[in-house]
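Here are the chains, one letter per residue:
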Amino acid sequence: MTGLLVKNAYVIDPLSGVNGEIMDIAIRDGKIVEEVGSGAVVIDAGGCLTLPGGIDSHSHVCGTKVNFGRYMSPEDMRAGRTARKGVMHVTSGYSVPTTFGNSYRYSSMGYTTVLEGAMAPLEARHTHEEFTATPHQDMLANTLFDGNWSIMEAVRDKDVKRAAAVVAWTLAAVKGFAIKLTNPGGTEAWGWGEDVHSIRDEVPHFGVTPAEIIETMIQANELLNLPHSVHIHCNNLGVPGNYQTTLDTIGLAPDLNRERQSLYLTHVQFHSYGGSTWKDICSKSEEVARAVNARPQVAIDMGQIMFGRTTTMTADGPMEFKLYMLHHNKWSNHDVELETGSGIIPVYYSRKSLVNCVMWAIGLELALLTKNPWQCMLATDNPNGAPFVKYPEIIALLMSRKLREYEMKAIDPRTEHFVPLFAIDRELDWYEIAVMTRAAQAKALGITRIGKGHLAPGAEADIAIYPLKPDELDPAVDYQQVMAGFAKTSYTIKRGRVVARDGEVIVEGANSTIWTRAEVPPEFDLNKDPEFVKKFEQYYTVRMRNYPVQDIYLPRGVSIRTEASL
Amino acid sequence: MRVILKTRPRAKPKIPIEAETIIPQNFLRKNDIRVYEGNKERKLEDLFYVTTEGPAVSPDQVEVILTGDTGVIKRVGEYMNAGRIIVEGDIGMHCGNFMSAGEIIIRGNADSWLGREMRGGVIRCEGDAGHYCAAGYRGEKRGMRGGMVEVLGNAGDFAAEYLSGGEVHIHGNCADLPGVEMRGGTLTIGGDCLRPCGNMTGGTCRIFGTAHQFLPTFRRNGSEVAEYGGKRYRMAVYRGDIANRGKGTVLIRE
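Heads up: the sequence lines are chains A and B, in that order.
For what it's worth, my numbering labels the leading residue of the first sequence as 1, then goes sequentially.
For what it's worth, my numbering labels the leading residue of the second sequence as 1, then goes sequentially.
Everything labelled a hint here was simulated from the structure, so no lab data went into it.
Among the hints, a few may not be true.
[Unchecked claim] Under 7 Å between C-beta atoms, here's a sample of chain A residues computed to sit facing chain B:
no.	residue
1	M72
2	A83
3	V90
4	N329
5	K330
6	E537
[Stated by the list, open to error] The calculated lysine to any residue pairs, modelled on SDA-like cross-linking and capped at a C-alpha distance of 20 Å, are:
no.	chain 1	residue 1	chain 2	residue 2
7	A	K85	B	L44
8	A	K85	B	T201
9	B	K40	A	V90
10	A	K322	B	K141
11	B	K40	A	M77
12	B	K40	A	R84
13	B	K40	A	G86
14	B	K40	A	E504
15	B	K141	A	A83
16	A	K85	B	K247
17	B	K141	A	M72
18	B	K141	A	K85
19	A	K330	B	E37
20	A	K330	B	D46
21	B	K141	A	F321
22	B	K43	A	E215
23	B	K247	B	T217
24	B	K40	A	E407
25	B	K141	A	M77
26	B	K40	A	A83
27	A	K535	A	F524
28	B	K40	A	Y324
29	B	K141	A	R70
30	A	K85	B	N199
31	B	K141	A	Y324
32	B	K43	A	G80
33	A	K330	B	N199
34	B	K141	A	Y348
Note that the structure is a prediction, hence the values are computed from the model and not measured.
Glycine is no exception: its CB is placed at the ideal position from the N, C-alpha and C atoms.
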């Protein structure tokens with residue numbers, strides 16, 4: 001293979017310690033190398049901003065609930081239609097586009113790796129089928145354990161090793177990547193028509209608390225040496241006054257891993273509300289950011305909302321029911337036997353709504369008040385806060401106080417009494433944006449070791465070249481150019497191949513699905529565990545032998561093997 | 001300005017044309033208007049003979065006339081906010097969706113979802129209308145919210161489902177379940193209908209024919225006289241749907 005040479009690139013590669021150097025990047029066989037021969041194809045980046053491929057560490061793009069969001073909002077599918085063109089399939093949808101729509105839009109923004117935020121183990125096949133149809137991004141799946149009966153029984157018995165064994169078996173069976181806890185205990189309580197309201201509430205019928213589930217799973221995660229930490233959607237999402245639950249949850253995180261955080265809190269904007277009702281809701285981003293700043297063992301993502309129409313979808317069934325009681329419109333509610341649940345509601349975030357304006361401000365505040373950008377990643381919990389195509393706009397808001405002031409004039413004027421955003425002057429720079437959109441994600445997900453998120457020799461050649469010249473632009477003033485530049489790359493390179501040029505996908509994709517296999521000692525292999533087998537025979541509607549996802553569902557599966565310390 | 005769109009002969013005339021871009025404001029701006037023929041995007045001129053007469057300075061002054069094989073054209077007038085569209089024949093599904101102002105006149109029949117979730121303006125269909133006339137989208141709890149839909153012929157099932165505002169007038173008969181889940185607005189049915197107004201919580205429905213299988217969950221609340229077609233009729237007044245704690249009014253000719 002002749003290779004590819006990207007010349008005159010303005011490179012920011014935080015994981016390699018590169019900040020704004022004009023460099024050449026050599027690529028051969030899909031990897032970054034020291035040099036290539038003279039016959040290599042040359043791309044002249046012309047001093048434009050060149051970053052490792054973007055990584056979204058929390059997005060809902062594939063799976064059963066995503067698909068349900070598609071067909072419960074036919075009006076959404078009318079938006080964002082593009083005709084078949086070259087190698088590009090027909091696409092449609094705005095907040096919940098078709099899989100190819102997601103893939104092309106991510107690719108044109110320079111994103112090459114995406115983590116699906118929540119996969120119900122029992123319904124993993126559907127997720128993997130949609131991963132295959134998201135061809136331009138390597139995909140990973142957070143696997144839901146929040147209401148898993150076997151896990152809760154292990155927690156009740158204070159048997160961390162058994163919890164680890166259940167996680168190891170399940171991740172291997174469903175080809176999942178990491179542990180996801182969504183409203184731990186609450187989703188199972190919702191199956192009984194109840195919810196939990198603090199991390200010390202008891203989950204009905206199981207005799208455990210969310211705090212015990214979280215603590216046990218953090219320990220189990222580290223016993224299995226999984227690449228990512230426990231990924232948590234805290235209890236009480238979207239409830240005024242829920243910041244206390246968030247602080248309590250942060251307080252549970254021990255510092256167990258030297259390479260990454262021990263607990264990843266997702267869409268923290270939705271968990272940083274003060275007040276006691278919707279009438280007095282206010283921002284508690286300062287308290288939450290202070291707690292994050294004080295604990296390097298914690299990482300978060302913003303969960304930024306942006307104004308406009310979108311679709312909310314989560315495994316947090318009781319939260320979606322509360323949202324339904326506010327909107328009294330379309331609502332879907334779903335239970336996944338012995339494991340988890342979900343709910344879906346289309347919403348419209350309005351500048352005229354004080355609550356929505358406070359939410360909008362909180363997301364930005366979290367990013368601006370968290371001192372270390374490695375601890376706060378840019379995400380909208382796509383599509384819950386906003387479709388991911390809004391990322392460039394969020395980047396511009398973080399880089400320009402002037403743009404924020406402009407936006408603040410357009411929102412409900414009462415907002416300033418409830419949020420500190422109006423007093424924050426910080427403007428992020430190019431390096432911090434590079435950290436918050438790829439490097440921090442790679443580190444948090446633990447995928448730097450497989451060559452993600454950086455451009456050092458040996459890394460995967462996933463590269464985004466944006467039509468932005470940092471030396472000539474002042475992002476604080478030229479925010480329109482920043483938005484336009486991050487919306488469409490000049491080149492998106494995936495595994496050494498140019499896949500998108502000037503925002504248009506030009507080749508068929510061939511992505512990989514990355515999953516985790518934790519090797520456990522034979523005594524912890526649950527395939528022959530009588531109690532575990534009995535659970536399938538007594539309760540599941542599928543047989544144990546039919547439960548695992550066959551390899552055929554992952555045409556290009558990449559497994560990360562770990563040795564469990566059990 | 002008058003824009004006349006006459007369909008061109010097509011090799012496969014049954015393939016539907018999706019034409020939400022056919023709204024008066026688009027012709028004022030003289031945009032490159034594109035429509036879909038099946039899954040293929042086409043220029044408007046590829047599927048229609050386009051004739052433009054006279055000037056216009058605002059969308060109110062634009063009149064679009066559709067002629068030819070118009071029954072396969074869907075979504076005409078979607079999100080329309082000014083001007084007039086005249087269809088010299090039948091029209092396909094979803095005509096006038098989300099329309100907020102202006103006027104659509106259909107000389108023939110209209111397929112399903114005519115005026116769905118309409119906000120304002122006037123639609124007049126001189127033939128029959130299909131199912132879900134002036135209704136809401138699937139799962140949407142508010143259907144038509146303003147404006148007027150008038151059908152001189154009959155309407156299919158679920159006419160004015162989730163009606164929340166505005167006026168719907170069906171001169172002929174309605175099929176099953178007209179006015180179900182009504183929350184506001186006025187529905188007038190000149191002919192017969194089947195099982196009207198289930199789960200109704202607000203608004204008024206007037207039925208000048210026979211209401212077959214009228215639900216028992218409405219409470220009789222006296223009589224009154226209503227005028228329709230130049231004649232005065234004595235109407236039985238019902239309130240309900242009690243099963244849904246509804247406060248709607250149904251008037252049925254005695």
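Looking back at the numbered hints, which does the structure fail to meet, lowest number first? Violated hints: 6, 8, 15, 16, 18, 19, 20, 22, 24, 28 and 30; rest satisfied.
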